[in-house]
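Q: Here the protein sequences come in this chain order: A and B.
For the record, in the first sequence the residue sitting at position 651 is 1670 according to the working numbering, with numbers rising by one throughout.
For the record, in the second sequence the residue sitting at position 58 is 59 according to the working numbering, with numbers rising by one throughout.
Everything labelled a hint here was simulated from the structure, so no lab data went into it.
A portion of the hints provided could be inaccurate.
Said to hold, decoys possible - Computed list of lysine to aspartate or glutamate pairs in DMTMM-like fashion (alpha-carbon distance at most 25 Å, straight line):
1) Lys-1617/A x Asp-35/B
2) Lys-1665/A x Asp-74/B
3) Lys-1446/A x Glu-1396/A
4) Lys-1617/A x Glu-146/B
Because the structure is a prediction, the values reported are computed rather than measured.
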Amino acid sequence: MSGYGNDAKGSAGRSVIAQNAGKTCALVVCGLLGFAALATIAETLAGATVIDAGLALVGFAFCLYAVLGLSLRSGAAADHLDGSRDVPAFIAGLGASASWLTAGTCLGLAGALFTLGFDGLLFVLGPLAGLALGTMLVVPFVARSGESTLASFLGRRFGPVARCLAALATILTSSLILAAGLSAFAGLAAPAFGTSFASAVAAGAALVLLCTLPGGQGGLAWTGAAQGLVILFGLMVPAAALTLNAWGSLLPPIALGEGLASVTGLETTMIENGAATAQALKPYTKPFLQIDALNFSALVASLMLGAAVLPTFVSWGAVTSSAREARSAGAWASLCVVLALLSVPALSVLGRLEIYRPVAERVALASLPEWMVELSETGAARFHGVSLGLFRAVTRAAGAEASDATAATHHIEARDPNWLGAWNALKDPVKAALLDAGRSAAAAAGEDGAADREAFRHKVLAAVATASGNKAGTLTYSGLEIDGEALVLALPANAGLPSILSGLLLAAALSSALALAGAAAMSVAISLSHDLLPPSRQASGRGAGRVLALRLALMLALAAAGTAVTAGIEDFTALAPLAFSIAASALFPAVVLGIWCKRANAWGAVAGMAAGLAVALYYAAGLRYGPAGFFEVWSALSDAAPATVKKLSQLVSDWEAAAPDLKAAAWAAVEAQARGALLDPGPANWLGISSLAAAVFAVPVGLAVMILVSLFTPRPSAAMLEFLDRSRRPVRETGPFGPTDL
Amino acid sequence: MPLWPVAEDFQMIELILGLLVLLMAGVLGTGLADGVLPVPAPGLGSVAALIMLGLVLITHSLYRHRRDGGMSDRFWMRTAGTAGAMSLLTALLALVAPLFFAPLGLLKIGGFPVSYYVVAEALPICLVILIFHFVRRQDDIETVEGDRET
């Protein structure tokens, strides 16, 4: 057992809230809707420039989480570790759904569906199927065992080495998820509130601390439930309003049919009038255009297996009072997830329509819709790679007398590093045209923002289009890039609906990122402060000391993740599926066989976990950090076409022949060619599988190793089988104070 | 302790082999391995033969289990049966159903593209129904069989 049950009582505030779960939920919903109404009235009376109802609503939601988090403060270690196991199933399910509807499956999903079309649906199916598998195969048994984390369960079942390995895997996956959550939060909050990315990361980390530090896992369960409610309303209400406005239906899933028909019609029009080519246009409803069937299935399998044993998910079952409650929590979570997810495809279809209409009408670049220019201010919309924000950065460089593209690069690197990536991605003729336009704008000193915008619309875009080969100067499909999340947030304003709806969408997206980051931070903290300690130390420490250790670990985890995100060492949001893959590889064989196979023993579990983790890390790191070397070793298993291999060989020859000062650039080109894209790997691969789906290799290896090693080593002891039996069976009433699992 | 699988371990080995053969049949049958196989893709007959082999291995493994008294624990057998069947259905809905519906991309009913609609809306709803059904079934098993255990 966790050993945390009797060391201190929970706080009075927590008990009051726990006893009034229904009233608390109703209060959150009424507060949110009431504030939304008040903010809208205030905005109407005072004007949108004085009060932005949407942002005020987001601020209100943050205050709500902070107040709830602080009111749930507790000094009891049991509250911090597993919420004293008195969280009702519905609340735990709502909290689980909040962390489930991550930025990756909330607005991010609308963005993914917008970009990937049919293929983006894998991000719906995989995690949802994983939630089902976890509810059926894992969570109730871990909850019944009395252990609060997967690592402690595996420690009881397979010993200290397995516990440490599981704790390390938990820290690895949860840190990746924590960084993804903070990155998604900052990516949305920074442009919305007009702050820097680093400040937004710090604000996100502070909010996560407010939700988790005072009450631990117990506090997180309740704030997570509040976040779940905000996400549900924040997705369903705007989606219903938008579909009502667009197609006259309050039900997004029904209205979706009409939207899809419009999308298909506009796609045909765009090809017919030459605004898009059949090769460039990826029809929205056509499957496997951007991710092939093999990778689609591999990614669904990887997400499914990872989600089933994701430590952040299993911990939601551990806060309930019994296995039955843990199962119910899983069911409620799936219902909340699907209620929210049914709105998402409609949002992404509306986004596509917003883009397709002006493209199909062949709108001149000088007459772009205002919302597109608005989005390009933050770089969320780009025309032939150029945005208004980038134009301003280049104008500043030209004003500082940057004579050519190289000088401009140095200036942008020093003064506007955020725009360096966009600048470097431009082709040379486009850079030259943009620099010329920047010089003209810099020469016309004293121009205000509106004039700047007009110059961009009328002069810059025309010059850039000509440099890119777009002689007609009209909006084309291939010349337009828009970030899905920003587009979805702009939908209500584009449709002429109140800004409060954008606020609701933003609140939902930010809440999901916060819930995800909170759950992940808690998992890392518990692993660091509890799971890595030997059981004797876990049980012997004083309550206050254990709470302090957990809080310090929590701050450490957030500080490390925040620093990594701010430093921009990786695109953590894109890497989030890798966390699922690593969790599946390291934990799935040990957890599932540990519960369902009596013959599985400690030797097998340790070998299986190590083998699974090693294969997953080798494949993912090999493809990311050393793809050329990986291809050299494993070319026999690659599915690369002969033409691709030939191109890679040519690049290698170029690198060999390159002058010493050009070697680094030539090698970068070799690596980029060998690596390919995240969802569409280059020649460096095994059977064409993406590195994000490394689990499809690692899980079978882990299972095979665990089974073989278990069969060739001694059977588990009688005491171990008794523990397993206790985890499998419902406990009957044994007396007035006995366990009552049923 | 023998450092070699004893007779009772062969039931598990047989079960795992059966599941692996079924998995192989699934991968070959859905055409997922077509691009990566060094040989021409097997026909329907070979896939059917693999399915039969897998089912025979699993059935024989269950027969061994029953013969050795492994099914005397009625509660656990019902729990494992329910979880196994529901997990299999979940995997089918998430992994096989999208591949099955994808070729229907061009089929439209009332203007709605069938494949997209099924994968985006119907499959997630089916998964939720499946989870609620599982929860109710397992609760019933624990209520009925849990009483008998004690």
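Q: If a hint holds in the structure, say so; if it doesn't, say that too.
A: Okay, the hints, checked on the actual structure:
no.	hint	in the structure
1	Lys-1617/A x Asp-35/B	violated (37 Å)
2	Lys-1665/A x Asp-74/B	violated (61 Å)
3	Lys-1446/A x Glu-1396/A	holds (21 Å)
4	Lys-1617/A x Glu-146/B	holds (21 Å)
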